[in-house]
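**Student:** Letter by letter, the chains look like this.
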Amino acid sequence: MIRLEKRPSPSRFWLYATPPVAVVLTMIVGGILFAAMGKNPVAVIRTIFWDPLFGEFAWYLRGQLLVKAGPLILIAIGLALGFRAGIWNIGAEGQYIMGAICGAAVGLAVFPTENRLIFPAMVIAGAFGGWLWAMIPAILKTRFNTNEILVSLMLVYVAQTILAKASTSFLKNPEGMGFPGSRNFSTYPAAKNGYLVESLGLHWGGVAALVTGVLAYILLTRHIAGFQIRLAGQAPRAARFHGVNPTRLVVMCMGISGALAGLAGLFEVTGPAGQITIDFNTGYGFTAIIVAFLGRLNPLGIVLAGFLMALTYVGGEMAATNLGLPSAAIQVFQGMLLFFLLGVDVLTNYRFRLPAAAATVGAK
Amino acid sequence: MTGTGTERGSTAARPELLKISGVTKAYPGVIANSDVGFTVGEGEVHALLGENGAGKSTLVKMIYGLVRPDSGSMTFRGQPYTPAKPAEARRLGVAMVFQHFSLFEALNVAENVALGMESPPPMRELASRIRAVSEEYGLPLDPDRMVGDLSAGERQRVEIIRCLLQDPKLLIMDEPTSVLTPQEVEILFKTLRQLSSEGTAILYISHKLEEIRALCDEATILRRGKVVGTCTPRERTAREMAEMMVGATLTPPERHPGEKGPVALGVSDLSVASPIPFGTSLKNVSFTVAKGEVLGIAGVAGNGQDELLLALSGELKVEPDRLRIASHAAGDLGPVERRKAGLVSAPEDRYGHAAAPDMSLIENAFLTGAVRRGLVNRGFIDWGKTRAFAEEVIAQYDVRTPGPEVAARALSGGNLQKFLMGRELNQAPGVIVINQPTWGVDAAAAAAIRQAILDRAAAGAAVVVISQDLDELLEVSDVFAVLNEGRLTKPVPVQGLTMDQIGLMMGGAHGMEVAHHAD
Chain X
569 MIRLEKRPSP
579 SRFWLYATPP
589 VAVVLTMIVG
599 GILFAAMGKN
609 PVAVIRTIFW
619 DPLFGEFAWY
629 LRGQLLVKAG
639 PLILIAIGLA
649 LGFRAGIWNI
659 GAEGQYIMGA
669 ICGAAVGLAV
679 FPTENRLIFP
689 AMVIAGAFGG
699 WLWAMIPAIL
709 KTRFNTNEIL
719 VSLMLVYVAQ
729 TILAKASTSF
739 LKNPEGMGFP
749 GSRNFSTYPA
759 AKNGYLVESL
769 GLHWGGVAAL
779 VTGVLAYILL
789 TRHIAGFQIR
799 LAGQAPRAAR
809 FHGVNPTRLV
819 VMCMGISGAL
829 AGLAGLFEVT
839 GPAGQITIDF
849 NTGYGFTAII
859 VAFLGRLNPL
869 GIVLAGFLMA
879 LTYVGGEMAA
889 TNLGLPSAAI
899 QVFQGMLLFF
909 LLGVDVLTNY
919 RFRLPAAAAT
929 VGAK
Chain S
5 MTGTGTERGS
15 TAARPELLKI
25 SGVTKAYPGV
35 IANSDVGFTV
45 GEGEVHALLG
55 ENGAGKSTLV
65 KMIYGLVRPD
75 SGSMTFRGQP
85 YTPAKPAEAR
95 RLGVAMVFQH
105 FSLFEALNVA
115 ENVALGMESP
125 PPMRELASRI
135 RAVSEEYGLP
145 LDPDRMVGDL
155 SAGERQRVEI
165 IRCLLQDPKL
175 LIMDEPTSVL
185 TPQEVEILFK
195 TLRQLSSEGT
205 AILYISHKLE
215 EIRALCDEAT
225 ILRRGKVVGT
235 CTPRERTARE
245 MAEMMVGATL
255 TPPERHPGEK
265 GPVALGVSDL
275 SVASPIPFGT
285 SLKNVSFTVA
295 KGEVLGIAGV
305 AGNGQDELLL
315 ALSGELKVEP
325 DRLRIASHAA
335 GDLGPVERRK
345 AGLVSAPEDR
355 YGHAAAPDMS
365 LIENAFLTGA
375 VRRGLVNRGF
385 IDWGKTRAFA
395 EEVIAQYDVR
405 TPGPEVAARA
415 LSGGNLQKFL
425 MGRELNQAPG
435 VIVINQPTWG
445 VDAAAAAAIR
455 QAILDRAAAG
465 AAVVVISQDL
475 DELLEVSDVF
485 AVLNEGRLTK
495 PVPVQGLTMD
505 QIGLMMGGAH
515 GMEVAHHAD
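Protein sequence lines correspond, in order, to chains X and S.
Residues in the first sequence are numbered from 569 upward in steps of one, following the numbering used here.
Residues in the second sequence are numbered from 5 upward in steps of one, following the numbering used here.
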């Protein structure tokens with residue numbers, strides 16, 4: 569029997585080799601899945617990974633990469649800070665929705681006033697909405713020791729209900745001929761999050777994502793708060809001995825991840841999505857969990873992982889339209905990536921061993 | 005008084021029970037046992053003597069079927085002996101009492117005993133057998149009591165009785181006295197001698213030399229996984245055996261008592277509920293420590309030592325007036341503010357409490373050194389300065405490591421402890437609180453650590469040393485007190501204290517007085 573044996577110290581090789589190996593395994597097993605569905609696996613894989621970058625429509629799809637990667641990176645970095653501290657915010661999707669609703673509400677409240685301060689005010693309101701939604705599990709955890717995984721996850725469904733209400737009643741477009749959904753921000757210049765560089769798909773959300781990546785990296789490596797986050801995740805008792813206040817740490821990490829998810833929602837609703845609708849959220853908050861781990865909970869890694877995941881989104885949509893692949897198959901494909909990542913990750917701390925020596929002694 | 009063992013026949017006359025020859029066991033990166041061999045006769049009390057890490061535990065785990073040797077052979081009662089698992093070892097008549105008990109605190113004594121048996125009899129029958137065995141061997145134990153309510157000594161009795169119910173031919177005891185008061189040790193020895201006279205052999209693992217001299221017929225001495233000698237303990241001095249065990253001559257630490265200054269740490273009427281499940285709450289603890297003074301706090305593990313450290317380090321906050329650092333109320337301060345006020349502390353558990361095992365020594369230096377060594381500048385960590393601090397500690401305290409960027413868990417217990425002690429002592433502290441300064445540390449490193457503590461006291465620091473090692477406390481302390489069930493005895497000067505007095509301060513033997521005086 570093959571046994572797993574703990575390494576004396578974590579393998580540096582596998583730390584960096586894990587993500588590419590996981591991607592390759594996902595391609596192989598995903599390919600088998602696609603073949604079983606009667607599709608040509610090579611064509612599907614090429615459509616997902618190659619065409620968006622170098623295919624016929626790459627001039628347009630390349631820009632879509634940053635559009636999709638931006639919110640994923642922004643949310644994943646916030647989540648990663650919490651994950652590093654052992655605080656498991658699984659409800660970024662809900663915080664994303666609430667950020668979008670709060671930010672949009674501020675903009676819609678002053679429609680059609682034109683003022684330079686409207687968009688910044690909406691950004692602040694968006695971050696505040698996500699922060700507020702994350703404070704619910706944070707305070708329940710610190711006061712009543714509830715499990716933040718369950719509470720934050722369940723609050724996603726509450727947020728979705730509020731979203732449905734918002735798009736059919738309190739944020740509904742009065743000139744929308746009775747259709748659900750808010751006014752479209754693309755027709756409201758003061759509140760619009762337009763492209764800064766259209767060919768790159770760069771809007772304020774993308775800027776925020778890249779800047780946050782750099783800031784989070786500095787926080788984790790140079791700042792005492794980052795040290796405390798890492799310490800609390802690795803050795804909770806040592807963290808208390810160092811002087812970390814566990815309550816404050818939970819509030820801080822949940823707050824940052826909630827605010828960043830809220831920001832992502834705000835940039836999305838005022839930009840690519842354009843309006844609050846019942847199905848405004850597309851799962852960025854959940855996919856960002858995969859992105860966070862794929863990036864090894866390291867902010868710079870997350871930026872790369874965000875682009876990789878965006879590729880599967882953009883390429884997946886292409887595969888859906890061009891090859892008739894069901895969108896659920898793409899979601900399975902993305903889930904596989906996390907599965908293999910965590911599976912291969914075992915090799916960072918463990919190695920396989922054939923207990924040959926022990927077997928001979930036992931046979932005597 | 006422990007030296008008066010019953011007279012027994014010479015070891016040569018004993019029939020051979022267990023013979024081990026050429027046993028080798030390697031783990032990745034370390035050879036735990038190399039070509040080890042010795043023989044235990046029937047009814048013999050045989051000591052396995054060695055420092056921490058000498059390979060004693062691995063060796064007995066192989067005898068008990070928990071670990072398989074890479075090579076070598078064992079015979080038991082004349083038959084080849086290769087137990088694949090502990091159940092097989094028990095069936096053949098080998099029983100073991102572990103250093104760390106495997107008991108369920110929420111179950112009663114009889115239930116715990118039943119859990120360790122292959123086919124336990126009905127509960128009532130088992131309870132009466134427990135009573136019978138415990139009376140026969142002078143180890144009173146109520147089968148209906150909850151294990152969570154028992155003292156460490158009583159818990160050990162549960163383990164011993166569990167073994168005795170199997171009627172073993174060989175009983176292995178791993179560091180059995182580390183959790184006992186001197187009186188309890190005396191009672192345990194009486195039981196072991198009785199067992200030995202009835203023909204049960206005992207393999208006794210310890211590094212406490214006086215105990216081995218009092219109890220054991222033969223000793224096998226291990227160093228770095230190899231047998232370096234055998235002796236008859238009664239014919240050797242403790243010092244001779246220590247030098248065989250360490251492989252070097254030992255020098256006791258030097259004392260240069262400084263002038264006793266004003267009170268640096270004052271604790272008055274401190275009561276704290278334990279944050280640990282089945283922990284011990286502190287009850288009305290009061291003491292003062294002056295500058296240049298060392299207060300030694302003894303006590304059997306689990307009597308409130310961990311809680312006292314948490315309350316002193318600031319991890320547990322108390323009312324402001326209950327704790328004063330240099331006469332300023334400090335009870336409500338957290339660890340960072342207490343460090344600022346001059347109090348540093350070193351918890352017992354190195355891997356996970358005093359240090360983050362997966363972090364580098366540099367990061368671990370920052371862990372407590374941040375405040376007093378000024379390693380933070382406007383929230384940002386000065387890694388250059390932190391590395392210099394780590395290197396300073398490594399050099400000054402002779403920490404054996406490839407470099408400061410190595411993870412803490414890669415260091416041996418003694419090396420890491422030297423690093424962690426140096427980290428606290430090199431912060432120019434006014435008050436130092438240490439729980440178990442040399443637990444699991446080899447003799448040479450332990451001597452260096454004790455010397456460093458004494459040097460700091462001589463330089464004017466007030467020191468509190470919490471330890472279960474009485475010899476250590478008597479060596480370093482000026483004043484001595486005992487923590488017993490969360491209560492601290494009145495501190496008394498160490499000069500002129502006898503072991504008997506200390507034993508009485510430690511509460512004698514828990515629940516054992518009747519049995520003790522009956523003999």
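Bear in mind the hints are in silico, worked out from the structure with no lab data behind them.
Take these hints with a grain of salt, some might be off.
Unchecked claim - Mimicking EDC-like on lysine to aspartate or glutamate, the simulated pairs with C-alpha atoms at most 20 angstroms apart in a straight line are:
| no. | chain 1 | residue 1 | chain 2 | residue 2 |
| --- | --- | --- | --- | --- |
| 1 | S | K89 | S | E122 |
| 2 | S | K173 | S | E202 |
| 3 | X | K574 | S | D362 |
| 4 | S | K389 | S | D353 |
| 5 | X | K574 | S | D74 |
| 6 | S | K23 | S | E46 |
| 7 | S | K194 | S | D459 |
| 8 | S | K287 | S | D325 |
| 9 | S | K65 | X | E624 |
**Student:** Work down the list of hints and note, for each, if the structure agrees.
**Tutor:** Consistency of the hints with the structure:
1. K89/S x E122/S: holds (13 angstroms)
2. K173/S x E202/S: OK: K173/S and E202/S at ~10 angstroms, within 20 angstroms.
3. K574/X x D362/S: Status holds; Cα separation ~13 angstroms.
4. K389/S x D353/S: At roughly 27 angstroms apart (the allowed maximum being 20 angstroms), D353/S and K389/S break the hint.
5. K574/X x D74/S: This hinted pair holds, its Cα atoms lying about 19 angstroms apart.
6. K23/S x E46/S: Satisfied, since the Cα-Cα distance of roughly 11 angstroms is no more than 20 angstroms.
7. K194/S x D459/S: violated (41 angstroms)
8. K287/S x D325/S: holds (16 angstroms)
9. K65/S x E624/X: At roughly 67 angstroms apart (the allowed maximum being 20 angstroms), E624/X and K65/S break the hint.
Checked against the numbered hints above, the structure violates hints 4, 7 and 9; every other hint is satisfied.
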